[in-house]
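Undergrad: Sequence:
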Amino acid sequence: MQQVPYGSVDRDKPLIRMPFTRLAVITVCLPLLGLVACIVLALLYHYNGATYTHCQVPNYLPSISAAISLTPERYIWRFSIGLHSAPRFLVAAAYLSFYRGRFSRRLTEQLLSVLTFLLALSENVGLLLLTYVSSNETYSVHKSGFILFIGSSLFHMMCTCKLWSMIAKYSLSAEEMMSYRQKLRLFLFNGFFCLLAAYFYKRHNTYCEAGSSEAPPWSAEEEKNEELKAQCMLGPLFPEGTARQFPHYKEVKPTTSCQATTPSSLI
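Numbered per the UniProt record's numbering, the sequence shown spans residues 1 to 267.
Here are the computed lysine-lysine pairs in the DSSO-like style, where the Cα-Cα straight-line distance is at most 30 Å:
1. Lys143 to Lys202
2. Lys169 to Lys183
3. Lys143 to Lys162
4. Lys183 to Lys162
5. Lys143 to Lys183
6. Lys202 to Lys183
Just the calculated beta-carbon pair ranges, DEER-fashion:
7. Asn59 to Thr108: 42 to 48 Å
8. Lys169 to Tyr95: 16 to 22 Å
9. Val28 to Arg181: 15 to 21 Å
10. Tyr60 to Cys29: 22 to 28 Å
11. Tyr60 to Gln110: 47 to 53 Å
12. Asn59 to Ser165: 37 to 43 Å
13. Val91 to Tyr207: 40 to 46 Å
14. Glu176 to Leu32: 25 to 31 Å
No lab work stands behind these hints: they were computed from the structure. Cβ coordinates follow ideal geometry from the N, Cα and C atoms, glycine included.
Let the sequences and hints guide you as you build the complete structure.
TA: Structure (structure tokens):
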């Protein structure tokens, strides 16, 4: 190891040089590649577990939470997000320094810059929380991390677009104008698909549709009676050990009301 005197010019030279564009591309690609790997492995080796739903209707593809909660998929996802998160903290700090330099004499924009920085930290913490606490370990914590991540992400992008609209208003740089427009498009794109995902999540939990575009014609009470009849004829809906694999779902057992609901022709 080469010893360099303290205060020497050589001591202050950077050890590694990397263009910011390359760092940004690598940082963005890590979660994407990790997610694709998790989904492919889940489809190949854990299809039934990854496509399991609480209302017993099939999924065509596993959800993100299901794909990253299995083994070894969870370790691939955690490795990818672990490497992805460190540069994001550095980028958040770099953007705060940039905003403070651009709005050094404007208090409102300074406060908005700090809020944007805190939202970026919150978004990253939420991503780490939902990553390292899987849905089949502690579902409530995983759910809270997901909500924190999505909410902080949307508000962070909204504040970022607001700051860049102020920059673009007084800037003559074509590069900064292009950056603002791209950020605005990505914010609208992300917001649209978040709303779309929330709609389908609510619809799935309400109607339990299996690939149908129409809601079932029966009521919730009739659906419950149909499930109870099937349960009485076929026994428990879940095989032994399912409750241990999915601890946040309760195992369904036959009840004494089967005789009252089972048609006489089936007895």
